[in-house]
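Engineer: Chains as they are written, first to last, in the working numbering: chain Z, 1 to 240; chain D, 1 to 240; chain P, 1 to 240; chain U, 1 to 260; chain G, 1 to 260; chain H, 1 to 260.
Hints in this document: simulated from the structure, not taken from any laboratory.
Owing to the predicted nature of the structure, the values given are computational and were not obtained by experimental measurement.
One or more of the hints may lead you astray.
[To be verified] Mimicking DSS-like on lysine-lysine, the simulated pairs with C-alpha atoms at most 27 Å apart in a straight line are:
1. U:Lys123 - Z:Lys193
2. P:Lys27 - P:Lys6
3. U:Lys248 - Z:Lys193
4. G:Lys127 - G:Lys68
5. P:Lys84 - G:Lys250
6. G:Lys123 - D:Lys6
7. Z:Lys13 - Z:Lys217
8. U:Lys123 - D:Lys34
9. P:Lys19 - P:Lys233
10. H:Lys68 - P:Lys84
11. H:Lys68 - H:Lys127
12. G:Lys218 - G:Lys22
13. Z:Lys4 - U:Lys10
14. H:Lys127 - G:Lys68
[To be verified] Over 10 Å on every C-beta distance to chain D, these chain U residues come out as not near it, computed from the model:
15. Lys19
16. Arg27
17. Asp55
18. Gly61
19. Lys68
20. Asn101
21. Asp138
Ideal placement from N, C-alpha and C gives every residue a C-beta, glycine not left out.
Each chain, letter by letter, is given below.
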Amino acid sequence: MSNKPKKLIEKGKRLDGRKVDELRPIKIEVGILKRADGSCYMELGGSKVIAAVYGPRAVHPRHLQEATQVIIRYRYDMASFSVKERKRPGPDRRSIEISKVSREALEPVILKEYFPRSVIDIFVEILQADAGTRTVGINASSVALADAGIPMRGIVSSCAVGKVDGEVVLDLTGEEDNYGEADMPIAMTQEGKITLLQMDGNFTKEEFTRAIELAKKGCKEIYEIQRNALISKYEGVNNV
Amino acid sequence: MSNKPKKLIEKGKRLDGRKVDELRPIKIEVGILKRADGSCYMELGGSKVIAAVYGPRAVHPRHLQEATQVIIRYRYDMASFSVKERKRPGPDRRSIEISKVSREALEPVILKEYFPRSVIDIFVEILQADAGTRTVGINASSVALADAGIPMRGIVSSCAVGKVDGEVVLDLTGEEDNYGEADMPIAMTQEGKITLLQMDGNFTKEEFTRAIELAKKGCKEIYEIQRNALISKYEGVNNV
Amino acid sequence: MSNKPKKLIEKGKRLDGRKVDELRPIKIEVGILKRADGSCYMELGGSKVIAAVYGPRAVHPRHLQEATQVIIRYRYDMASFSVKERKRPGPDRRSIEISKVSREALEPVILKEYFPRSVIDIFVEILQADAGTRTVGINASSVALADAGIPMRGIVSSCAVGKVDGEVVLDLTGEEDNYGEADMPIAMTQEGKITLLQMDGNFTKEEFTRAIELAKKGCKEIYEIQRNALISKYEGVNNV
Amino acid sequence: MSDDIIAEIKRDYIYNLAKKGKRVDGRAFDEYRQIEVETGIIDSAEGSAKAKIGDTQVIVGIKMQPGKPFPDTPDQGAIITNVEFAPIASPSFEPGPPNENATELARVVDRGVRESGAIDLSKLCIKEGEDIWMVFIDVYVLDHDGNLMDASALGAIAALLNTNFPNERYELGKDAPLPIIDLPVAITAAEIDGEIILDPSLDEESIASTIITMITGKDDSLAGMQKSGTGPLTFDQLFHISDIVSKKAKDIRKKYLETS
Amino acid sequence: MSDDIIAEIKRDYIYNLAKKGKRVDGRAFDEYRQIEVETGIIDSAEGSAKAKIGDTQVIVGIKMQPGKPFPDTPDQGAIITNVEFAPIASPSFEPGPPNENATELARVVDRGVRESGAIDLSKLCIKEGEDIWMVFIDVYVLDHDGNLMDASALGAIAALLNTNFPNERYELGKDAPLPIIDLPVAITAAEIDGEIILDPSLDEESIASTIITMITGKDDSLAGMQKSGTGPLTFDQLFHISDIVSKKAKDIRKKYLETS
Amino acid sequence: MSDDIIAEIKRDYIYNLAKKGKRVDGRAFDEYRQIEVETGIIDSAEGSAKAKIGDTQVIVGIKMQPGKPFPDTPDQGAIITNVEFAPIASPSFEPGPPNENATELARVVDRGVRESGAIDLSKLCIKEGEDIWMVFIDVYVLDHDGNLMDASALGAIAALLNTNFPNERYELGKDAPLPIIDLPVAITAAEIDGEIILDPSLDEESIASTIITMITGKDDSLAGMQKSGTGPLTFDQLFHISDIVSKKAKDIRKKYLETS
């Protein structure tokens with residue numbers, strides 16, 4: 001592990017040249033998998049993620065069915081080679097927690113009553129991890145759900161805000177996360193309803209307020225990117 | 001681990017001042033949990049145990065049901081902090097064996113045919129362990145079953161007898177168990193039917209006979225304590 | 001581990017005195033277990049194997065049933081003491097792969113459509129391992145299936161061929177396998193249909209052709225032994 | 001009546017009360033049930049506490065043992081938090097490894113202790129790069145009547161305050177108390193039909209659409225936050241909650257942690 | 001006829017015979033089925049034995065390898081006993097980790113060897129505090145026709161008698177026999193409708209309300225005892241059993257263990 | 001229409017085409033779908049590659065870390081190959097540990113790399129008897145449209161060609177490329193109603209009675225072979241397949257591996 005750099009922010013610029021309220025570069029591709037009902041590949045800086053959606057489909061075993069609505073399952077998984085030290089394949093406590101809160105981040109926008117007795121599976125594979133992977137997973141899943149034609153009230157957009165060198169900043173890198181003082185992943189709908197909120201580290205009440213404002217800005221920008229990706233996909237389909 | 005003391009019994013007195021045929025101090029409380037159908041907290045010297053009973057309730061999956069009688073399940077579990085070296089949570093071979101023989105110790109008194117297709121779950125958590133935990137678990141479970149209103153032919157009472165410094169003694173401490181020559185946990189009904197019997201170590205036939213007599217005495221004393229605890233509980237209920 | 005001997009073949013003779021196209025001594029016994037529906041004990045040199053067959057019998061849980069044919073399950077398992085370094089009991093990746101290809105080696109001869117909604121279980125326990133255990137397991141299973149009265153199109157016979165000191169030889173020992181250059185287990189019916197084929201190491205195309213010829217010879221000899229064992233069993237039964 | 005119908009009736013009843021500013025057990029929206037904390041109850045543990053909030057009951061045991069440091073923090077001890085949903089605590093808890101709820105609970109309690117800086121991890125170093133103390137925080141839920149998060153967090157910090165380094169057992173000198181720097185307190189709120197209540201009971205939790213826990217330290221700053229549940233939350237609600245947790249946390253800290 | 005009806009008829013038949021002092025296979029109540037013990041059958045093991053009691057058949061392999069001592073017994077070796085209910089042995093055995101019956105069996109066999117002092121554990125010390133021998137006793141049940149306990153215990157001690165330290169493989173000198181001090185023998189009784197029989201067959205076990213195993217050493221003292229099954233036992237029955245096991249154990253020890 | 005009926009119709013359709021020497025997607029019997037190989041796509045891995053054959057897509061990451069050698073090969077590194085059937089890749093893949101198909105796939109890919117001598121294991125020794133490099137080949141299947149074997153094997157060798165020793169991270173000098181000696185290529189054939197086709201699609205695999213993979217090295221010798229599926233194969237078919245794989249492997253090796 002590299003040592004902590006002296007300063008993570010100098011003259012308002014971060015180590016990668018970004019301003020404090022700037023997202024890392026984003027790359028997005030919709031419908032990249034043949035077998036999945038919906039899919040999305042998304043990069044946010046050094047974080048590379050694939051999301052796939054299967055369903056609505058039958059639930060096995062049957063006693064897991066719910067009579068009035070669809071069940072949502074979400075599996076966040078890190079590829080063994082996505083981090084510096086090889087990760088043993090399979091779930092750990094961290095991925096179990098992330099899967100739970102990510103599922104809860106998406107459930108509010110899915111019209112669950114449309115598909116009773118069924119299940120929608122959302123699978124997220126982290127191919128390369130450089131902080132913010134859960135937010136990228138949620139963003140990509142949201143697009144993959146739309147790509148799969150799942151009826152939704154809207155798109156969920158997610159980003160992380162943190163504190164670095166005492167300053168509230170948008171979208172931490174891995175290095176900023178390691179040496180920073182706070183990290184707050186958040187997800188919201190375009191109407192400004194919060195669907196995911198986690199925080200650890202140290203925020204004064206004022207910093208918290210500032211962080212929420214930054215998060216709104218970040219999510220809005222991500223929403224535009226998600227929306228454009230979906231529009232391009234449909235235009236692409238129509239042009240063919 | 002402390003070294004073996006020179007003598008575990010001196011002038012008929014044991015290291016904690018007890019006589020060879022004396023139980024450690026017992027503390028008992030009935031109905032201490034809100035959610036469980038029946039519960040009991042019991043201390044025997046340094047062993048602290050909670051037992052809870054749930055049921056009769058439905059069996060899932062259904063193919064585990066028995067058509068003519070209730071199924072009894074028993075889970076003996078040691079809390080990670082109940083022993084000097086932290087125990088990894090979850091079952092090990094020892095707790096699997098103890099769960100089996102403890103269940104078999106209680107089954108003979110439960111009127112199982114009253115609740116076909118159902119299950120009664122008995123859960124025992126060892127909070128602090130200083131020898132004899134399986135016997136305390138059985139005693140507490142027996143009271144918790146009565147507290148849950150499960151129809152029974154009687155109460156099962158249990159204690160351990162062992163051999164220390166060549167003498168047959170009642171109710172070993174952890175230290176006596178470590179440095180002793182034999183340990184025999186036993187459980188019986190008040191009519192003197194044996195429902196649990198295990199032994200390891202070394203008993204001559206004469207010592208074995210003496211051990212059985214001591215065990216009868218110990219179980220009789222424990223039975224009185226169990227009975228009084230249940231009477232107090234019901235009187236308490238009636239007085240309210 | 002012993003060091004590699006200078007030569008594994010000298011003047012056409014192998015370290016155990018065999019010629020390059022010679023099988024190790026074989027011992028076979030049919031019907032050695034009371035509880036199993038069919039069973040066979042087989043030794044090939046230092047490899048000692050028991051195979052047992054149960055079924056056709058009911059499938060649990062029911063959703064595993066197949067409507068038009070019997071399911072075949074095969075479990076290859078090495079006893080913990082079957083190898084120099086104690087093996088932890090239970091399946092590992094090697095045994096999972098061997099179980100799969102062994103099952104596929106036997107399925108082609110079983111008249112599976114005779115027993116819809118049922119299962120035939122084949123269990124193979126390796127008691128002592130000295131190379132070729134998967135082939136012995138298949139041979140013993142084939143006989144155990146016949147002993148259990150399972151209707152079959154024929155008997156499957158199996159042996160391994162390999163390359164040692166640059167020569168293609170039949171039926172490797174453990175030592176020859178460790179220091180040899182190629183190993184090819186194969187199974188076939190007496191009509192010469194291949195039902196198992198694996199290879200690793202290094203074969204030129206010519207060596208491969210030669211290996212197949214040797215394998216045919218080996219399987220033919222094993223077939224005779226399997227056949228005789230079954231005939232003796234039935235004659236034995238008739239004589240009683 | 002079937003369980004579903006009872007649940008439906010209960011739900012309506014709680015909703016209707018909430019509309020009138022009331023709760024089933026008569027509490028104010030920002031009022032906690034009775035809290036009890038008892039420490040030093042397990043001799044075999046290096047520290048222990050039982051925490052009760054109403055009928056909810058957890059027991060926390062602290063075990064410490066020497067171990068190897070992580071390669072990237074050679075001079076720091078390790079905290080390992082585990083939550084067991086013991087099946088004695090609820091008809092819905094089943095034996096087995098922690099499920100996603102127990103895992104989430106353990107990780108939030110863990111972050112609360114860790115991120116508040118309650119323990120100076122460098123004080124847990126025995127020999128840099130070689131030996132450190134591992135502090136195991138094991139939470140056993142004994143009775144589940146809602147708000148396990150606050151009870152677990154409270155039990156954890158109370159047990160840590162009660163913990164001694166077991167130096168003698170490992171021949172590292174005399175036993176000594178674990179130094180605790182901060183006293184994080186978790187306050188949990190639930191949203192029921194637009195209303196925000198604190199310390200939800202099990203019945204209230206079961207109908208709440210979303211639940212949010214905020215952990216604050218002695219200086220009133222936020223040390224942790226976790227939203228759970230499938231309902232969304234507005235920013236107004238969020239700021240309202242962050243306003244009311246501070247005072248409540250201060251009260252609990254003073255009453256149950258700073259006295260000991 | 002359904003399996004249940006056959007089981008019912010079988011049960012009645014065995015009960016009625018027992019009332020007349022008889023058993024299905026014509027044995028006396030205290031009579032064992034034919035016993036066979038064969039040792040040295042597995043070259044890859046440090047010791048091995050096959051034990052048969054009637055159609056019941058187990059194979060026991062002993063593996064030894066150097067390991068670390070437990071902290072509290074730095075000069076003693078370790079015995080690890082494991083029982084595998086191989087699915088070849090019974091239609092009711094399924095692949096997978098040992099269930100509660102296999103676990104109980106392993107632990108009783110283990111205690112029998114350990115508590116009888118059959119092996120002097122201090123002879124298994126290679127270098128105090130650093131290296132000891134671990135002795136793995138692995139019992140594989142091959143054919144299950146009842147009384148696995150006695151067959152497993154007999155196979156285990158027979159295999160130990162046949163065991164050599166694999167010193168050469170680990171460059172610790174010449175191979176040498178494992179010294180065995182005591183020869184524990186397990187005798188199992190079953191209670192069927194008030195009658196006590198020894199060496200129950202599988203059919204007898206299936207209708208017995210309780211089963212009890214007593215393990216005795218060479219000096220006739222009790223080294224282990226285990227009751228299993230959900231039926232109670234009277235003290236009279238218990239003392240009756242403890243009376244008859246001694247002679248039986250002595251016979252078996254003499255015939256199958258002391259000759260080798 | 002039920003899935004079964006569609007499967008039946010599809011089966012008949014593919015069979016009938018095969019009889020006429022044709023395939024659903026218009027390929028010749030010995031023709032591969034379009035192949036794409038992209039390397040160096042994962043920065044956190046020591047080497048990586050994405051391999052596509054038609055719509056089938058796998059990603060392979062190589063991780064290297066120091067470890068202990070096996071006792072019997074003190075001067076050789078270790079290769080550990082793992083295949084994950086990520087549930088994103090197919091509706092029939094479920095989360096969980098590798099099933100028998102994933103296990104078989106991993107072991108065949110592993111043997112292909114190992115037995116072809118692609119890596120000189122003695123070059124992976126850091127200090128004899130003490131430290132060696134462990135090379136983890138992790139294959140993640142992203143999209144499963146048949147012939148995972150060839151895609152995985154191709155991705156594995158391409159990723160290895162792209163791998164650097166992470167010497168700097170472990171303070172063992174400068175990073176340096178992993179030397180690759182041979183370039184094994186797997187060619188998979190399927191038998192459909194007597195006809196042999198190469199590179200089966202998922203639909204073709206699902207009706208093939210047997211599938212066989214042959215792995216050849218640069219010198220055209222066989223380095224591995226694996227038959228799977230429950231159908232038998234004649235010796236004629238076997239020799240026919242071994243005849244056609246050589247040329248195909250040479251083409252693929254030249255086009256996708258020797259250029260890099």
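Engineer: Check whether the Cα positions of Lys27 of chain P and Lys6 of chain P lie no farther apart than 27 Å.
Structural biologist: It is violated: about 31 Å lies between the C-alpha atoms, which goes past 27 Å.
Engineer: Does the alpha-carbon distance linking Lys248 of chain U and Lys193 of chain Z stay inside the 27 Å limit?
Structural biologist: The hint holds at about 26 Å.
Engineer: Would you check whether the claim that Gly61 of chain U is not at the interface survives, using Cβ distances to chain D and the 10 Å cut-off?
Structural biologist: Incorrect as stated: the minimum Cβ-Cβ distance to chain D is 3 Å, not above 10 Å.
Engineer: Please verify whether Lys68 of chain H and Lys127 of chain H have alpha carbons no more than 27 Å apart.
Structural biologist: holds, 10 Å
Engineer: Please confirm whether Lys19 of chain U is truly not at the interface, meaning its C-beta sits more than 10 Å away from all C-beta atoms of chain D.
Structural biologist: Non-interface label on Lys19 of chain U holds, nearest chain D Cβ at 28 Å vs cutoff 10 Å.
Engineer: Between Lys127 of chain H and Lys68 of chain G, does the CA-CA distance stay at or below 27 Å?
Structural biologist: holds, 25 Å
Engineer: Are Lys218 of chain G and Lys22 of chain G close enough, with their CA atoms no more than 27 Å apart?
Structural biologist: violated, 31 Å
Engineer: Quick one: work out the minimum CB distance from Asp138 of chain U to chain D and report holds if it exceeds 10 Å, violated otherwise.
Structural biologist: With a cut-off of 10 Å, Asp138 of chain U comes too close to chain D, as the shortest Cβ separation is near 4 Å.
Engineer: Does Lys68 of chain H pair with Lys84 of chain P here, judged by a C-alpha cut-off of 27 Å?
Structural biologist: holds, 20 Å
Engineer: Within 27 Å, alpha carbon to alpha carbon, are Lys123 of chain U and Lys193 of chain Z?
Structural biologist: Outside the cut-off at roughly 42 Å; violated.
Engineer: Quick one, are Lys4 of chain Z and Lys10 of chain U close enough, alpha carbons at most 27 Å?
Structural biologist: Given pair Lys4 of chain Z, Lys10 of chain U is violated - Cα atoms ~55 Å apart, limit 27 Å.
Engineer: Say whether it holds or is violated: Asp55 of chain U keeps its Cβ farther than 10 Å from all Cβ of chain D.
Structural biologist: violated, 4 Å
Checked against the numbered hints given earlier, this structure breaks hints 1, 2, 5, 8, 9, 12, 13, 17, 18, 21; the rest are met.
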